[in-house]
Amino acid sequence: METGNNSSIDEREDDVNRADIAAADDASVEELGLEDEDKKSGPSPVRFVKRQVNRVRLLSMCSEGFSLRGARTWIRRTRSDWRHRTVPSSDVRSAHKRGFSVNQVRRFDVDALDASTCLSEREYDLLFPMSGRYGKWVDDRVTSRLVAGPLAERFETMHFNIISRNGELLFIPLSDEARAYAHDGAVDRDGFLAFCRDLGARPECNLSVTGSAWSSRFSARIEPDGKRFVRGEDTITADELLERISLRAARVPLVVYEVAPKDASLAALQESCDKNLFGSIRLTLCNSLGNDPFVADAYMRILAREASDMDEDQVERVGEQMLDAEELQDAESEEQEQQDPIRYYAAPISLEDGAFDGARAMLPYGNYRDVETFDGTDLKIRGTVAHWDEIMAYVVAYMKRMPQVEFLEMSIRSFEDGFAVVRLNSFPSFNRAFPLPADVQAFLKQKAADKRELGRSEARQRVSHAAFLRWRRSFTKLLFPAGMVYYQGLRYPHDVIEDLFSSNGIKLSRKLWGYRHGFLSYRLDLYPELGEDNWQSFVTDFEYRWLRHINPKYRAWMEDKITIKYVLSEFGENLPAYYYFTSCRAGENRIVPMMDCPEGYGNTIEDILRLTRELGVLALKPDEGSHGEGFYKLSYEDGAYKLNGEPTTEDHVVSILRDPNNQYLVTEYLELHPQLKEIYPGAVNSVRVTVFKKDGVHPQIGNAYFRIGSTRTGAVDNVVAGGLVAEVDVTTGRYGNARTLVDNRIVFESNHPDTGVLIEGALPHWDYIRERVLKIAASVPQLEYMGFDVAITEQGFKLLEVNRYPDYPRISRLTPETIDYLLMKIADKKRFCDIEHNHSLFKLPRRDA
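For the sequence shown, the numbering used here begins at 395 and goes up steadily by one.
If you are wondering where the hints come from, they were derived from the structure by calculation, not from laboratory data.
One thing to keep in mind: the hints can contain errors.
Keeping only pairs whose Cα atoms sit at most 20 angstroms apart, straight-line, the calculated DMTMM-like set for lysine to aspartate or glutamate is [what the hints assert, rightly or not]:
(1) Lys-1027 <-> Glu-1008
(2) Lys-1237 <-> Glu-926
(3) Lys-1027 <-> Glu-1040
Distance ranges between label pairs, derived from CB positions [unchecked claim]:
(4) Glu-1008 <-> Arg-1106: 27 to 37 angstroms
(5) Ile-1213 <-> Asp-1137: 23 to 33 angstroms
(6) Pro-1041 <-> Glu-852: 31 to 41 angstroms
(7) Ala-787 <-> Glu-852: 38 to 48 angstroms
(8) Ala-644 <-> Gly-1150: 22 to 32 angstroms
(9) Glu-964 <-> Phe-895: 26 to 36 angstroms
(10) Asn-1056 <-> Asp-1214: 36 to 46 angstroms
(11) Glu-1165 <-> Glu-1040: 57 to 67 angstroms
(12) His-943 <-> Pro-523: 18 to 28 angstroms
(13) His-943 <-> Val-440: 33 to 43 angstroms
(14) Arg-583 <-> Ser-1173: 15 to 25 angstroms
(15) Ala-836 <-> Ala-787: 24 to 34 angstroms
C-beta: ideal position from N, C-alpha, C; glycine also.
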């Protein structure tokens, strides 16, 4: 259903808070390390009280600005300090009061420093998540590869992205070598196995499969041995390999890739050492202003292990797990801690020349000691990172490519032939070995202070909003079938009630029949033939709401316009030019030049105004959202500025761009094709093209309709605000049969109500549009159901946005092909959610088998 509300924000809250809120129930005990206490605490009422006390503490911290994950991390640190206390209670309380863990005070000698200048762990936990919605660019391997563009050549080579679709494995080739095994645009199971045998048999190739998230703990080598495969110490058949991959892919997307060789500096040390040395270069990158990235910190993280059958990547992952669990270990005494094995070595690297000499040996339970040699050997921990200058230039170029990301961690292995990025992290783990440089600490402390101040000023709203989200979740789970996104649990009843009391000329008995079968009343107006004997041939409103979302994890690519620009970069000619982005940094808006900013332009508001005067018109768009909300047409005519066609002053434009509450993309303004502009010149009248992949691979156009603005909608073509919709024949591109909504009832309009122009004709460039939209959809095999908003120009067309789950059109009929596809997806989801055994107050319409 098309609404005036920005449903993408509600959806994102569901995506983010679904995991966080659920975690607050179970992880509040389990993740905080309270399981053992609960088991010892006796009766369930005691456990219930402890759980509620813990939730209150979490809620209190969230009111300060903490995310649930950040709050849980800090509470976990403090409980670990108390459980393994080796210092007086007064010291523990003093450290926690100042925001430090006991380990941080001991490691960094905070008592000897000015604590007010030291970044505390509590402040650091408060900052999570720091990159906001753009953290997805560096959280997932496949996403990072697309966003990095040509810089992704330095990533470990990725060959396949494996996802589960309709219960089957979909092997998406990512490399030219993998594409050679594709048939009819797809790689089947036999093709994938053939690839693994051919490539994995090469002596120099270390082929592995892992989760697509950089943080994935799962990793397994794929080693062909004739007709069988080796996984770790197991030898398995091809069918067993696919079965194990299928079980994993049903939960998370997977990636098949080549593990980078051992770091060259460690390989040199390895020659004189009887231990296996594994590790990587850890770089902390900062871009506090958006246009001046730099390397804040660098060290070599080294694992020294006895001879092992594990490959380097597996050892690295084991090391990560050990590192994450470090502060949760039990400790008996300082003497016992000193005798425990070294977890890893952290060797600081000179930013000038890449040299390292000596290291800090990180011991369990927060201890460390400075060393010059590996434990039990005379081998010096000394060396120089190969290709250091090249690495430094690369990481700066990488940060400049995505100025929206302020802070991240990059892990690199440098070898004889070059170097490779082996890990990214949008929120670097707190450096337990060395404090960050003073200027970086000051930057992060200011960020934490700003977030805390904002949290306090909005404490009541945050607490009430968190309570509302929890209530909404419980309400939806109680009353609606499994699989319903939480925000629809409130929106659907609201829309039913609003529809019931609307005076749209539909009889009450007819409305009640529609509600029983899942239809809102305007759907009955749109499909007058609907009746008891044929309703199962249509998709109901309730089912369409419940079906959300068809696309899995990678639908996040379509949440904001900048990500779309990166993901679809090969189709640049069909995307608007992006000139600037306004980003709030240190409490004020910074002007960040984007990829299409002309040469000779800087990073000030005056540069935006100068570009407006030169081009005559620009578009100001929120980076996320839909339905045209927040859009401005900024033009300069006859020596004066206009916003959405209304005269304005330069000061007013400056105030909009300076307002930290406004985050805008400054883009090319699209001039509509004269034929379509004649119908209504005040808006970019766009065409919605819905595409689906019924077989999961090959796209086809299901629906298309032409949206037209009016004086009621202003500079956008929002249907609910008063726009019109004309049906489009997906084969010929002819449009007509225009309609609009008046008092929630469909009214036919053969001519535009404002201009009087006949709404009938053929869309320009339709064959080209069809061809390109299908190619674009095919280029994103991870997504199978999308809505493309197309603005047709004299030269061709531009994509305004891509919808990850198109609205159910209110005044345009779905084609039979689209209905068949959606009914298939509804049946698939019913089986997955076991709807037959799901008891809820609101039930899906019962269809014949």
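Hints, verified against the model:
1. Lys-1027 <-> Glu-1008: Cα-Cα ~15 angstroms, so holds.
2. Lys-1237 <-> Glu-926: 18 angstroms, holds
3. Lys-1027 <-> Glu-1040: Measuring from Cα to Cα gives roughly 10 angstroms; hence the hint holds.
4. Glu-1008 <-> Arg-1106: 27 to 37 angstroms: The hinted range 27 to 37 angstroms holds for Glu-1008 and Arg-1106, with Cβ atoms some 33 angstroms apart.
5. Ile-1213 <-> Asp-1137: 23 to 33 angstroms: 28 angstroms, holds
6. Pro-1041 <-> Glu-852: 31 to 41 angstroms: About 36 angstroms separates the Cβ atoms of Pro-1041 and Glu-852, which means 31 to 41 angstroms holds.
7. Ala-787 <-> Glu-852: 38 to 48 angstroms: 42 angstroms, holds
8. Ala-644 <-> Gly-1150: 22 to 32 angstroms: Roughly 57 angstroms apart at Cβ, these two residues miss the hinted range, so it is violated.
9. Glu-964 <-> Phe-895: 26 to 36 angstroms: About 50 angstroms separates the Cβ atoms of Glu-964 and Phe-895, which means 26 to 36 angstroms is violated.
10. Asn-1056 <-> Asp-1214: 36 to 46 angstroms: Given a distance of about 43 angstroms, which is inside 36 to 46 angstroms, the answer is holds.
11. Glu-1165 <-> Glu-1040: 57 to 67 angstroms: Between Glu-1165 and Glu-1040, where Cβ atoms are some 39 angstroms apart, the hint is violated.
12. His-943 <-> Pro-523: 18 to 28 angstroms: Holds, at about 21 angstroms.
13. His-943 <-> Val-440: 33 to 43 angstroms: Distance hint for His-943, Val-440 holds at roughly 40 angstroms.
14. Arg-583 <-> Ser-1173: 15 to 25 angstroms: 23 angstroms, holds
15. Ala-836 <-> Ala-787: 24 to 34 angstroms: 26 angstroms, holds
In this structure, the earlier hints numbered 8, 9, 11 are contradicted, and the remaining ones agree with it.
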